[in-house]
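Protein chains in written order, with numbering that gives the first Met the number 0: chain F, 0 to 654; chain R, 0 to 654; chain B, 0 to 654.
What the hints contain is simulated information worked out from the structure, not anything from laboratory work.
Hints should not be assumed to be uniformly reliable.
[To be verified] No farther apart than 30 Å at their CA atoms in a straight line, the calculated lysine-lysine pairs in the BS3-like style are these:
| # | chain 1 | residue 1 | chain 2 | residue 2 |
| --- | --- | --- | --- | --- |
| 1 | R | K636 | F | K555 |
| 2 | B | K654 | B | K376 |
| 3 | F | K96 | R | K402 |
| 4 | F | K190 | R | K96 |
| 5 | B | K190 | F | K96 |
| 6 | B | K375 | B | K96 |
| 7 | R | K636 | R | K162 |
| 8 | B | K162 | F | K636 |
| 9 | B | K96 | F | K96 |
| 10 | B | K378 | B | K162 |
| 11 | F | K96 | F | K83 |
| 12 | B | K24 | F | K118 |
| 13 | B | K190 | B | K83 |
| 14 | B | K83 | R | K96 |
| 15 | B | K96 | R | K402 |
| 16 | B | K83 | R | K163 |
| 17 | B | K24 | B | K376 |
| 18 | R | K162 | B | K83 |
| 19 | F | K555 | F | K24 |
| 20 | B | K378 | B | K163 |
| 21 | B | K96 | R | K96 |
| 22 | R | K83 | F | K190 |
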Amino acid sequence: MRIGVDYYPEQWDETMWEQDADRMKEIGVEIVRVGEFAWSRMEPTEGVYDFAWLDRVVQIFTDREIDLVLCTPTCTPPQWAFEKYPEIIQVGADGAKIPIGIRGHRCVTNATYRRLCEKIIQALVERYHDNPRIIAYQIDNEVEANHCRCEECTQGFRAWMQKKYGTPQAVNAAYRNTVWSGEYSSWEEVKPPTAGVLQWQNPSLTLDYNRYASDSIVDYIEFQRQCIRKWDATVPITTNNWFCENMPDFYDLFEHLDFVSYDNYPLSVLPEDEESLYSHAFHLDLMRGIKQQNFWIMEQLSGAMGSWMPMSPTPRPGMIRGYAAQAFAHGADTVLHFRWRTACSGAEMYWHGILDHNNVPGRRYREFAELCSWAKKWKEAEGAVIQNEVAILYGSAQEYAFKLQHQAEGMYYLEQLKLFHDAFTSIGVGVDIINETASLEQYRIVIAPTLLITNEEVKDHLYHFAEDGGSVVLTNRCGVKDSYNCCIMQALPTVYEELAGVRVEEYDAIGSHEHDLQLCDSAWKQVHGEQSAKAMQWCDILAPTTAKTMAVYGPKGFSLFYGGRAAVTCNEYGEGRAYYVGTVMNRSAYHSLAQTIVEETGVSYRNDLPPGVEVTVRKKGQKSWTFVFNNTMHSQKIWTGDVLQPFEMQVYPEK
Amino acid sequence: MRIGVDYYPEQWDETMWEQDADRMKEIGVEIVRVGEFAWSRMEPTEGVYDFAWLDRVVQIFTDREIDLVLCTPTCTPPQWAFEKYPEIIQVGADGAKIPIGIRGHRCVTNATYRRLCEKIIQALVERYHDNPRIIAYQIDNEVEANHCRCEECTQGFRAWMQKKYGTPQAVNAAYRNTVWSGEYSSWEEVKPPTAGVLQWQNPSLTLDYNRYASDSIVDYIEFQRQCIRKWDATVPITTNNWFCENMPDFYDLFEHLDFVSYDNYPLSVLPEDEESLYSHAFHLDLMRGIKQQNFWIMEQLSGAMGSWMPMSPTPRPGMIRGYAAQAFAHGADTVLHFRWRTACSGAEMYWHGILDHNNVPGRRYREFAELCSWAKKWKEAEGAVIQNEVAILYGSAQEYAFKLQHQAEGMYYLEQLKLFHDAFTSIGVGVDIINETASLEQYRIVIAPTLLITNEEVKDHLYHFAEDGGSVVLTNRCGVKDSYNCCIMQALPTVYEELAGVRVEEYDAIGSHEHDLQLCDSAWKQVHGEQSAKAMQWCDILAPTTAKTMAVYGPKGFSLFYGGRAAVTCNEYGEGRAYYVGTVMNRSAYHSLAQTIVEETGVSYRNDLPPGVEVTVRKKGQKSWTFVFNNTMHSQKIWTGDVLQPFEMQVYPEK
Amino acid sequence: MRIGVDYYPEQWDETMWEQDADRMKEIGVEIVRVGEFAWSRMEPTEGVYDFAWLDRVVQIFTDREIDLVLCTPTCTPPQWAFEKYPEIIQVGADGAKIPIGIRGHRCVTNATYRRLCEKIIQALVERYHDNPRIIAYQIDNEVEANHCRCEECTQGFRAWMQKKYGTPQAVNAAYRNTVWSGEYSSWEEVKPPTAGVLQWQNPSLTLDYNRYASDSIVDYIEFQRQCIRKWDATVPITTNNWFCENMPDFYDLFEHLDFVSYDNYPLSVLPEDEESLYSHAFHLDLMRGIKQQNFWIMEQLSGAMGSWMPMSPTPRPGMIRGYAAQAFAHGADTVLHFRWRTACSGAEMYWHGILDHNNVPGRRYREFAELCSWAKKWKEAEGAVIQNEVAILYGSAQEYAFKLQHQAEGMYYLEQLKLFHDAFTSIGVGVDIINETASLEQYRIVIAPTLLITNEEVKDHLYHFAEDGGSVVLTNRCGVKDSYNCCIMQALPTVYEELAGVRVEEYDAIGSHEHDLQLCDSAWKQVHGEQSAKAMQWCDILAPTTAKTMAVYGPKGFSLFYGGRAAVTCNEYGEGRAYYVGTVMNRSAYHSLAQTIVEETGVSYRNDLPPGVEVTVRKKGQKSWTFVFNNTMHSQKIWTGDVLQPFEMQVYPEK
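From just these sequences and the hints, can you work out the full model?
In structure tokens, the structure reads:
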């Protein structure tokens, strides 16, 4: 495992650089990311470059045999660029340029902006590409789907629509635009959806606009990638991914990039309520699944977060070491901590780094140094891969469609995935989270939660997967819509009815209400035992056709009128089977269901894991490493007899 | 009772039309509303009309002897209209055109828009008016007071002000504009109040602006009515009313229309807390009171509501049948359900109809079919009228003035009316809710809650009504202001002091605090018994002049300093009496007070109704029908011995 | 003590003026404030003046020997001014003119506006300055820091920056603008921070912009002062101060004004929760501290507040008399009540005066009359001064910096000061709240809470103060930043480390979490006894160098990992000592700490005060008056044996 830091030399007096580098070397930092945000220092006025300072920085690290990640600084155009070319500023949903601060928001489709980007990238890459210590490039920073409404983007969106649909009439047909007289009679009428309540807009339009916005940022990243490749043919290129308001399609975003990197900020305070979902492992598995290969952490939690919000509590002892190790366990061979030292100025000054403002090594620094030592012990495991038999499908369109049209109060797309991820994790079964269109060949169990938007390819994969002996898990809200975000006029789960062997007779969006759930006499009931089971948020009332019923709505709770009706079913299909979970359950019901499914499928699992203890296995040739992580505030004893302190990672190598 | 549906043929493949019509015929649907929102299909580009599809639709229903309501489609101008004539877009309080979605918001005063309306209405009515199956026209859809700030509306408002006041000086005098140097020196300075916190604006101006906005929409509806009447002299015309943010004056709105229709969406989950007010009956009585005649439901709850908010729970069993029957019991002879089938596209796709997206008849469809059958049993009762002896006064200006200046935390105008409505309903006494200026001749008890804005006509009615032997109920906040929304400089209740026989010495807006209330030794106390009585939200400290005290503030609670002072009084006046309720009470205190009042007035009532059971009587010639409705989630036994299931309606005909 | 009222003759029919004045005379009102907001009556159209009405008003009061405060009416320009000169309207953070209502918001830097101001001030002062009854001028009304973004202010801000820094490069150096490429390359790029989330902007910029905005309003007040002084060389001038969203620097604001006046609106309902801080005394002490001399109340609570919010409960009996007396006890020799009679029109009609809308003297009027009588008893105490030995430092930059960057959830700057003020008040020790840069010579104990922004002068004062034998109290978050709002790269408390004798090893922003606190075996522990002590919001983990530990974090609560570490310390320094409070404590811990500090410093105090009873001492020559005020809803017995009713003030004169 390789440990690095994010470093902003331009923010510090140059007399500090060598001390910083020496300290890094001393504790075992192997990689430093530089250049992000430093555009104004590289190009103080248009066309005038100053790289002398960066030359010195690169030299300092090169001298110490510390590797470098070089960033394109395009996320923060200099003030002169905004002043000279105001057209590069992003236009918000209200049609006005968004307020720029120091971290200005720019329209990534704007031609002028792209020209400025190309020039600074050329200058940068041309200068440093032949330094062998440069081991990767990072493009820009934490990009989002480009929800810009500038004139250029309006035209861009229109062109995107023209390419997809050909004629306004074809749009009308796809969107079924007769509703509310929404038919377009000419291309001029086709525009990005404007502000106000976005839910009042046509969901076909908003979903397509988000697809455009995602394509737009993907195009921008590809543009930068090509700029870099003009001058450097080999060094790997990435961008640092994150979770944001307007998420692009991750799979598209990284399609042409060499690896995925992710900004990982676990909570410093875990929720105490057992039913509150948090899962750092989930996000790591989602990131690994983007390219289905190992990935990097480009920014890792190092201290209290804050700045535009009040400061959070500081990371508890063990978190800095433990969360980096957890990322490693999930496939991140390289973890860079954000940031070496806390900024002393600017809006982000309370987003704490390894070192505090005072530059005095403290508790977190010592823990980080221990991490660096620990990391060196597991060099051999670098490149080892994770091979799971269970996958959860994630779809970018699903997430956006769900967000724009809440199905029931309190019901969120990612939470539905996390419930399953949590359940399999709790029994030590590794899970991949993959693009819904990905190949399912390597898996034995595939969870496909809330496939709201139907995709023919996904459907075919799932049918074939079950035919060939796999276990599929479908849920409520699957098969609801076609790819244009229009409802399919067919009994739910529409195209999935044959696979699931059930028909949804009616549904009830109970939101914050609850109903009890009765497990039928089955393996599941055995596993679940005396714990309570609940139906929440959403209730499909199921009529099994070929499926057998696994759980029914009980006689108590919110909705007496469908007491006794099927809520969860299982259908034998081909060589495999399809489970259908028609409601949202409490966590323990998911746990026992997961155990039932792995037992029925014949996937191995553990039933001796204390709550919050996570197991991951990485393999390389004949070797394997079992990682056991205690992601709780309490010490816990595991099957080996070892007692894991809070946030402690234990690794058990095997051959 | 006649049952219909709202149908959008333009949203469905034409191959489905006949099946839909056949099904409707089969289960007994008698009326179909069409045309709403279909402008783009009637006039695909400006001046080019396409009615072939609608001809066929009309023919299909005509063939099956199903009646039609034809709508003007003006609520949703086609996209070409917005593109070609952007001036028709409404301007928001911030001075910018509001974002148009598919359901665009248009300025109803705009001349271009009116010209477009006139042409499509002419084309529509000219074509279909001689089909005898067309039994009504609906103008537009769910209109609101026209709070538009476009240049045309700014001038329109100024002209409205000029007409009302003559000179800026007269405005200054009426508004007492010296406050904060608000005096106008010329008409140019007179403009609609702009955005930000509307409460910072002069309340005289905001109230007048709302009156203008109401007049503006009334004028628009009248404009459409006249357009229709040019081509069809006889078929009744309405518009579908609703409750919205900016309510127009309902009485003005329907003055020239032939009947009232209302969009009725009862809650699918009733609040469990006894003190939470909900009342579907209240809204129905308010609608019936607009023209003091029977009315229609133009849209009736058929399924879960949702789309821009998360979906609600689906209507519980019995609701679809029961709530339509409840509307009938309150004077709606015709009830059209929204909508035949749930939309499969567009922003409203989760506002569910009788049929789900799947087009498969389900539980709600079956219940609706039962309703159709049930409705046919009570044909004879159509046209039967409701004759109540109790009226509650509603005033459009009251509601707006209350909304713009909250009197106390948690105190809302409509809630004050509902508290009384609930109380009389709970003892089986029917209530009319009527315009505050309406004649009171037919009543024996008139409730006039919070007459904040004084109207001379209302005042005279109430004095005469009491003189002639009626019982008047006045409350806190009556007589506060003149018609310009300025306070009257006189001891409260100012012009009502003589009638009430009390003077308000002081008031205390206690908001969320509470105080106990002690009933004096009186009939009321007898009725109320051991239940607790509370004063909440607002406390007038009363000094009776000629009135006798019925209740005083007790020794416990928030405001010791007026313990023992009068809170509720009764004054003999002329042949009648005037009650004055100086505070807001808990529900049971209203219930017992209502009983006391009907006993003292000699109006018959029931004291054997279980909570939530409502009784309504309709009469026609010598015949009468007593409707008993169980508006709760539990079964309840009534005086007849019958047990009513949740939402069950029983009708007891008499001769 | 002198009692007055705020009166708006222009709002009332002139036939009422004499009755009003007679009533005032009768009950003992000595001063009347007039003219505020009356611009449109003084200058109905530009350049045309009408003072006849005001002449009569002035004459009426002059005849009755009632003094007058004359206001410049500039807060509310007439409608003609906004219409004719729209450039005088303030521009909001979104770049658009803010919506004007009747109380329009004007840009105080605008040249046209200033010209209009100058002319009306000249007309007013020239006319009335030689009437000896005019005893003071009030400039404008409740001014705020001028957060305007109009073109003139943009240039004004730029000029302010140029004057402060000289070159853009100097700004870059001060702000350390390399972060996020924020470097300015020319002055054109320097602009006020725009809207959106202000926390995303550079905190160096936002703090400087607020300083500019404060300077801008200070400049405007000085401009008006000079206008007045042209025509009246002697009559004292003030402006009425308040607490608002964008507070100017109070000390700058009043530097050239003759006295401070304050608008004092105590809560009419006190929070019941003991831990909820409220303190009217705090605000009064803060006002007295601005010029460290006695002050006026220009507007005093007279009735329920409301208008743009729901009405509050009416002032409880005793409040009108008691809160005016409390102001007197804290140095306000003159208290004017807002307002004589409640406005009957305009947006402020529910902000109640002494008389209600009805003009009928009621309970509050009678209480006010009693106050007038009571006030006459204590004429002799006018001018008596308060000499305290304890001071709390307040800094304008601290407050703004804290507000823009919340340190921890729930932690607010003023609350930190109030906690200490409350503690000393609870033991009868008077406190001055003074500018952080003020001289400390007269004090023996100085509390300097959260000195986030470091000021060299303040630092020097505190070191010298301790050296000379004073007791200093420092807290967490002191020494964090330099004057440019950038963090100091040094171990906390940075420049205060030597004084405090502690180093902060780490901090933990625990926000809403809690931790127990253990007092060490010390005087404090003795005083505190068995009460619980808690650490909340923020925890510094302290490493004492020369200080001794007074309290440590206990073994229970949120953050086990620093259990046992020092939380509060005391350091002997020079002849004095410095306490360091590294956390935020519960109220009783502050109470006992305050007692410990005064005991250790040898300042006298009382330990016999019931909760909520406040003691103040005023002295004049050999005489002194001890004021005892019961600021609770309950009667309380004090050491004299007297029982004080709720809000009762007792005065004990001594010689």
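For this session: If any of the earlier hints don't hold here, list their numbers in rising order.
Result: Those not satisfied are hints 3, 6, 7, 8, 10, 12, 19 and 20.
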